[in-house]
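Make a model of the complete structure from these sequences and hints.
First to last, the sequence lines map onto chains W and H. Each residue of the first sequence is one higher than the one before, counting from 1 in the working numbering. Each residue of the second sequence is one higher than the one before, counting from 1 in the working numbering.
In short, the hints are calculated from the structure, not lab data. Relax, there's no trap hidden among the hints.
When the alpha-carbon atoms are kept at most 16 Å apart in a straight line, the in silico EDC-like pairs for lysine to aspartate or glutamate are as follows:
hint, chain 1, residue 1, chain 2, residue 2
1, W, K20, H, D252
2, W, K20, H, D40
3, W, K20, H, E263
4, W, K20, W, D262
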Amino acid sequence: MRRAWLALVALAWAACDFQKPDWGFEAIDSMTTPADDPTLGCGVVIPADTLAGARAACTFGAGSRASDSLGIDEATRARIPIRHVIVMMKENRSFDHLLGKLHDIEPNVEAVPSSYYNLDVSGHTVFPTHATTTCIPFDPNHQSQSIAMCIDGGAMDGFVQNAAATTASDGTFALSFYDPGDLPYDYWLASTFAVSDRHFAPMASGTFANRDFMMFGTNAGVVDTGLLYPPPTTPSIFAELMNAGFTWGAYSDGGPLSDALDWYHDSPGVHSKQDLLDALDAGTLPNVAFVDGRENFEDDHPLADVQVGEAWTKSILDHAFTSPEWMRLAVIWTYDECGAFADHVPPPSACRAAPSDSTFTEMGPRVPLVAISPWAKRHYVSHVVHDHTAITRFIETLFGLPALTARDANSDALFDLFDFSCGRDLSVPDAPAPGAGGCPNPNPPGSD
Amino acid sequence: MRRFAAGLAVLSLAAPARATEDVIHGATVSASFGTSSAGDTLMGQVGGAWAGLRALDRGWLMQWDLLVAMQAGYLGNEHPYLFLSGPHLAGWLEIGRRLQPSRSFSPYVGVRLAGDASYLGNPDVVLSQINVGSGVAGPVAHGAARVAIGSASATDARALLITLYAQEAVDGPGIHTTPRAFTEGGASVRFDVAGVLMTSLDGFCGATFDQHDALRGLTDSTLRCGVAATARKVFKNGMWLGASVSLAHDTDRVVYDAGATYETGDPPVFGVALWYGLSFWRPK
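Next up, the structure:
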């Protein structure tokens, strides 16, 4: 009897121990990034976007190519001089919260309306205020039910009450913002390169679902963060890249891809941040690199000090600017979702990913997105509406990949943020130092 | 192996050559824990069961297992865990022929139809608006049609069936999943001591046919392997205690037209259940 129990316990342990899915990407660790084509350079003209209306009508489906949905013919696509993309997706800050004063130095950016307010739990009006700390000590609930409460049917007035209901506070911090004095480097990036003021989280929910949209063109059945991961059979940008002979890597000293796939440091394709810096220095970047900071410390996820996160961003871009691959590189700096920090722009709807998929078509609140590249337009503000599947579509276009779902098939591909014409000044201006870390670190490494 | 064969001979010859009947029926209460790709489950179940094996003239063997129950419990796919409840109907019937009835151990052929259907929901939750619970929540249905060959012994006191089988199995549509059909092969052993014990061990592997996705230029197929063991100890007062353990694993093979192949694996699906049964009346 005792043996039977031991066998049962062993079987249960074995079953639980192997609860991680196998994504089948082992080949990525031995793949070689295709050699650079030295003839690529300036002069590529991305044609005018005449298919925006068709995309808005969700005309295109999985498998469609850039030539189908973006009007970029194969010859033009193949001449685009970007062969490496770094997706730097940070955590949980809305556009108004992080860059709420960008309008003051980049007037084309939509300003936060002076009339924008939320009501607190007592019914008093709360207007946006300057954050008093770069280490906000609260992490409001930012899963689907909470974000729906924040959006409040498009009124965008539920952030304070959601924060009050889900933290030990009055919730007013959710309506706070940072200015260029708080985040000099972040503001410099957003005002020097090409920034979007209409980039939305793809879904009104938390980390996992929103990151899944970038990797799979769908939330893959994941609505709220925490307990569920996409099935490894889900068609992914990773498999599409590998199938076409291109390489990728996920770089982090914490949870790669912010734990959305339950990958660990020994998972195929996963590397440390130092590996990314070394690859930048040596010119050995994979075609697509996804880089994430350590959770709640470097990735800007509360309770992190956003000045520490700013310094982390700079530590990577310093290597990017001097990399031998800089002229082939685009860094997409964005945030996975708003983290229940307020934004005043009601999220629009997007196309349903697939008939068999969840019915989520409402995007989440705006998040910052900045394209950093020698080919990124300087001091440019894009008002084109898109979400993270535009990053997916950008990658698909660069490498000639088919759309994963109808969601990315009908997405814009960020190309209005780029200018490949000849004669531009492609040098990088001097950057300011990041903030020095203005508060005691409430969440040192290893505390999560 | 020799010891095993000798054991079989003892089991089959020790008892007088009369028809076997081993039946339980009554109310059941069970508790189960399981893992799934949609999260871990902890469930309780109350219902009625009717299961047994009956030999007719020592030539025909009929086996069946029927469960009608209501179940409720938690699925770990959400924070906080998702409470679910709903009906569960499961059953199978196998009719087989011992080809040499006069022999205590005879070649055997049989056919089985099996089905398992449940619907777990929560009136406060729209299942399509939360983390996917496919395979546990919402409609879950499996069906199978089996042909088995092997050896069977059936005396008044004991029955032993050892079979190899082939079957067509179908997973029904779930919240976000489409139906899939598997062609499977496996082996099964069943040993009964009438009025005392019912045990079975079943292992199988199977695969879906290749499905080509022309749009995305790939061919997809799934391999599924699993093993399940069940034991019921029947007491003289008609009460029984049961336990079952199962483990299954799906691996998926995606072959791109361009040549790349990816073999992925879902997390294993493990389940353990314990149940208590009480006969509506004492067995004869």
